Structure formats: structure tokens, C-alpha cells
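This is what each chain is made of:
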Amino acid sequence: MSIILSKEILSRSLEIVEKALSRQSPLLPLKNIHFESSSQSITLSATNMELQIKVILPYEGEYSGKALLPPQITEIVRLMPSTEISLDVDPENYQVNLTGGRTRYNLFGADPADFPAVEKLAPAEGETMSLDPAEFSQILKMVIFAASTEESRPAFNGVLFEFKEDRLSLICSDTYRLVVKNVSAAGWNFTPRRCLVPAKALRELLRILDQSEDKVLLYTDGKKMAFDLGSVYFAAALLNEKYPDISSVIPQRFSTRISLNRSEMEKSVVRAALLAEAPNYAINLFVGRDAMKVRVSSQVGRMEEELSIEGEGEEVDLYVNSRFIMDILRAAPAETLIVEFNGKNGPIVFRLPEDESYLYLVLPIKMD
Amino acid sequence: MGFKDLIGQAELRRALEGALRTGAVSHAVLISGPPGSGKKSWGLALAEAVLCMEREGRDSCGRCLSCRQFRAGCHPDFFHLRPEGRRLGIDQIRRLRGRFFLEGDSRVCLIEEAELMTAEASASLLKILEEPPPRLYFILLSGRPRQLPRTIVSRCQRFTLRPLTGEEMVELLRQRQGLSPEKALLLSRLSKGLPGVALELAEDPLFEKRIAEASKLAYSLAACSQTPRELLFLAESLSEREDLSFFLELLCLFYRDALIYLLCGSRAPLLQPSAAERWAGVASAAALEEALALLQKLLQELGETNVNRRLALEGTLLQLKRRFASCPG
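If you read the sequences in order, they're chains A and B. Each residue of the first sequence is one higher than the one before, starting from 1 at the first, in the numbering used here. Each residue of the second sequence is one higher than the one before, starting from 1 at the first, in the numbering used here.
Rather than coming from a laboratory, the hints here were simulated on the basis of the structure. Please read these numbers as outputs of a predicted model, since none were measured by experiment. Please note: incorrect hints may appear among the correct ones.
Under 7 Å between C-beta atoms, here's a sample of chain B residues computed to sit facing chain A [what the hints assert, rightly or not]:
id, residue
1, Gln69
2, Phe101
3, Leu102
4, Pro132
5, Pro133
Quick reminder that beta carbons are idealized off the backbone N, C-alpha and C, glycines included.
Taking the hints into account, I'd like the entire structure generated from these sequences.
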């Protein structure tokens, strides 16, 4: 007996699951998609041992069978000529027949017995957090850009999820800059723990979140972090690394505080960055009372621009990496930003107006 | 394959089984030994035992999911690296690196021919070995451990595989190939105690034929039954053989066997006791001794210099004939 499925739904599900395939692996189960059908649902899963993705499609029927599907299945389904696809698995030899319109594929599937188990984690009582997907996506985007892409210190390739009793702190840093975002709501009661989730996995999650409308349930067992989106289950293996304590890094005082217009500043920094040079893409900021000068001078030439700001405190003249500034200006979800300076060599802190839950800290470049 | 399926290496076995029993397996183990000495078999057995979920003290159980996946070659936490092309490059390490720092069960990375790692690859490996993540084990195999960076070797627990003794080899070949002790002993000598080499020879369908051929030639040379002209033809046909040095080693073994028989009588351990008696009336101990020296010299020349194979063979065969003719048995 065959399963009849909508091509669009199957294709979209496969595209999601495919993100967890490890195409270069010499191991067959890690480069194949696990297919299983029962009387109520159809499950597609894949894992590369860093990520696990499982898509559950509701389906009513008697058919039950499982097989490993080759990675070409995604393209095969996408290019099928019909809007409905019929699929059946031969339990003897795991051959899969796909029919759509007048096209017929016979795929040599593999024995699913060796597929590493992708079991859903069972969340402990009250230890789950429910978030709106758009909101969670927004939060992740405000945090993830600060992760390091260098290999030398694996802890900084991750985003720290620090669960406290009343809130979750997301912390991300590459040692030159640091983001802290607190998420809190009444009714959460977590056992305090620290989970370091690889940024690579979160980037994949972001792509799925942007297409999802269901609430995200977030929970962990200390080895994996699970993001349950209802029909899609996404789990990332945690990094087993120590994350440094960041509380001493964030300054409690400031010598200068300004508020500025985000988009004006962004345009200005983009213009300045055209002349900034590797390796540190330095630009100069001169902060006065009611104006800030953005300046750059390199082998190519010089540029200077003045922005109006509202400031208080001392004048400050410092150098920063223009890319680090552009990142926050692009990610911040507000038109006005508060920036605090601590002298020439002290950290610069970006905050959102009337929002205590977020901060972005950059260290200036030391110039002699 | 578990340790129980492997033969010999008492010292290595004791060390590894002890480490597994106490849970103190080193995060980096270097197993060295010449090609065919069993590095890979021991490395794989160690990896299987480390990953086994229901380990019975000191060896893998061979039945749990992990062992079944391992034996089927699809264990997700076992990384098997071998040189791609002539070197083992940084990309191969980078592809796996992400997995090394994750939370999870034990993971094992087996690196074959570790001395072929590029400088970048070994620097990257060194970085991991300096601060090893918990439950990540490296097993390095190398035939030339001196070519490995000292910084890496110094961070590994080192084991060197020893050649198997005659008895161990006889046992191995009896178990795996069902060979008779007589043939097994011959293979043990020929393989110089390297089980990989012995098993390869045992599987060679032409092996029996080559033995018979060498045995016949050894006897006819000692009996001086060829004319010098025939010897020159023989030199030409021998020089075209691909397995020439192996063939000459067989000749050496037969002469050595004959020499032992002449000096010690039939109670000495002989490769071919049935054939030994024939030698008594043919050659003297002195001639056999000199013949052995000549053949060893030829083997050395063939192996280490760019000598003309045919000319070298002609010279040696003629000299052999003269020795055997001047001191008959």
C-alpha cells in the first residue's frame, strides 16, 4: 500500500531535515534520511551527531515501514512533475518507489537498523520554556553574530544559554566583544545550569525558525539542547567546554554617555569602512557633547563625517573595529541607541533605550 | 575483533586490558611497528573496547549496539582517518574537529600512518592533545614513529609491537587459516614474525607452487646438476621475476634448514624434516654456509643498490656452483 503525500509538504520537510545531513561522512547512516511511517504519522529524521532534526507529518493510514533514503531524495521530490506523490517502501530490501504523474523512481534505500537513534528528549517537569518563533529568531539574531569563527578556542564558537531561576541569559563572545541578552517571564522556574550551544547549529535553527509559526519549546538534558517546534524537532549537541565568567567584564560606570540615531550611524560607518583596512578595520570616533566625528585614515585616503548626537560626560577619542560596530547597528531592533564609553581604552557598551535586557560590549583598539 | 581474537603482544595486552579495567585509558595512544605487525588490528580492538557499551571488564562484548555498529563499519562516534593521497591534511582533521568538543559519550579517532600528517594537521592535532576534551581518545598508528613530531609523541602512551614467536604464529595460522604446523612454521620464518605478512602469504594461491619451485632449485643448485650455460639461462629467467627477493629468501631458508640438519641431526626443529635427509649426501656444511653468505650478499645488493639484477644473479649462481662443486657432501 502506498502513502500519498502533497509534494509541497514533503519537499519542505525534506529541506528542513536535510540541514542535519553530513554529506562528507564515510558513514552511510549519517548521509541518509531516515524515513518511518506508522498509522498516525510519517517521520523524517537526520543527524550528523552535532545536530538532530526530525520532522513529523500527520498522516492517517495503515501503512507502516521504514528505510534510509539517499540524500538525492530532496531534489527528486522537488523536481517531481505532480502535486501529489505516492511513496511505498519494500520492507524486504528497503527499495523505495516514488511515483508522481508519469514519473517513477525506484530508489535503493538502506537498512535503517544502524541509524543512530533520534529520540526526542523528555523535558523535566516545568523545565521547558515556550517562546514565540519570531521573537526567538529576533533574539538569536541579536546575539549570534558575536560568536567567533576561529577554531583555536572552541568555547567561543558557541552561545552560552545560562538558565537562572527567573530568567535565561544568552551570552556570546569572541573575546573582542560580548553580547548579553536576558529573556524572562513570570512562571519560569529553572534549575540553574549553563549550556553552551554551537553557533553553527543555531544558524541552522534560525533558517527553520523563520519558516515556522508554531511556538518553540526549549529544554535540555545537559548534553543536548532541544528546540521543539511542534512538527519539527531540532536538537543540538552541547559544547563540552568551560565558559569564562563575564560578570566582571561589564563596567558598572561610564565616563561618557550618548544617544544616537541607529540608521544614520550605520550609513556613516559603512561609508567610513570603505577606507578601513585589514586586519583590524580601524575607524576613529571622536565623541563630543552634541556631535560625534567618524573618521578614518588609511593608505587609500582619509574621510571624515559628523553626526549629531545627544551626549553627556567627558569627550572621548578612540579607535574601533568598524565591522564590530556595523554588526550591532545592523542587528539592533531600535532606532535610537545608547552608547556608553569608558575613556580611550575602556569598553564601549551599546544599549537599547528602555530595555535593560540587552547589551553589546566592544573593546576599542589600543593605539599608541 | 576483540583482544581475545588477537595473538601475542603480552605486554601491550596487559597494559591495555589493565587500563580498560580501571577506566584509565590514555587519551592518546601511539602504536608503532613495521608494516604487517598488527597495528591496525590492535588499534581497532582498542577502539571497539573503548566504545563498547557493555564492556566485560577488559574487552569488548561483541554483542551490544556499539560493537555491532563498529563491526559493521558504521559507528557514529568512531572517526577513522587515513592519508588521502600522499599526506594526511588539515582538512581531514578540520572536518571532524567540530565533533571533538561536544558533550556526549566516548569518541575514538584512529589515525593510520600518522607520520604522513602535514605540519598543519599535526599542529592542529597537537592543539587538541594539549587540552584533551573528556572522553575523546586518539589512537595513532605509525610504522615510522620517529618521523612524527616529538611534541605529539611525548603526549602519547607508546606501544611497540613485537614480532610473533614461532609458536604464536603457528597458533595464529592454525586458527585463522587452518594451516598445518609445518607450513605455518615456514610462513613464520618467511614473514619474520609479522602476522599481516604471514596471513597475506597464506592467502596467496601461488604460494605452494613457489615453495616447491624454490625447494627444487635449492636442491639442484647444491647438487651442481646444471651446466654453466643452463645457469646463465636461469639467471635471465630469475631476473624477470617480480618476487625475486622473496624467492631468494626461500632459497636461504632451505639452505639454512639443511645446514641445521647437517650440524644437529634430525632432532633439531626443521622447516621440512622430510626433505632434510636428502641433503646429507649432496652438500657439505662449509659449502652451505658459504652459499648462505653469497645469497645474503646478493639480497642486500638487490635491496639497497641499483645493481643490474641479471648480472648480479649470473655472478652469484656461478659462484654457488663452484662452492658446491669444490666441497661436495
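Report the numbers of all earlier hints that the structure fails to satisfy, in ascending order. 4
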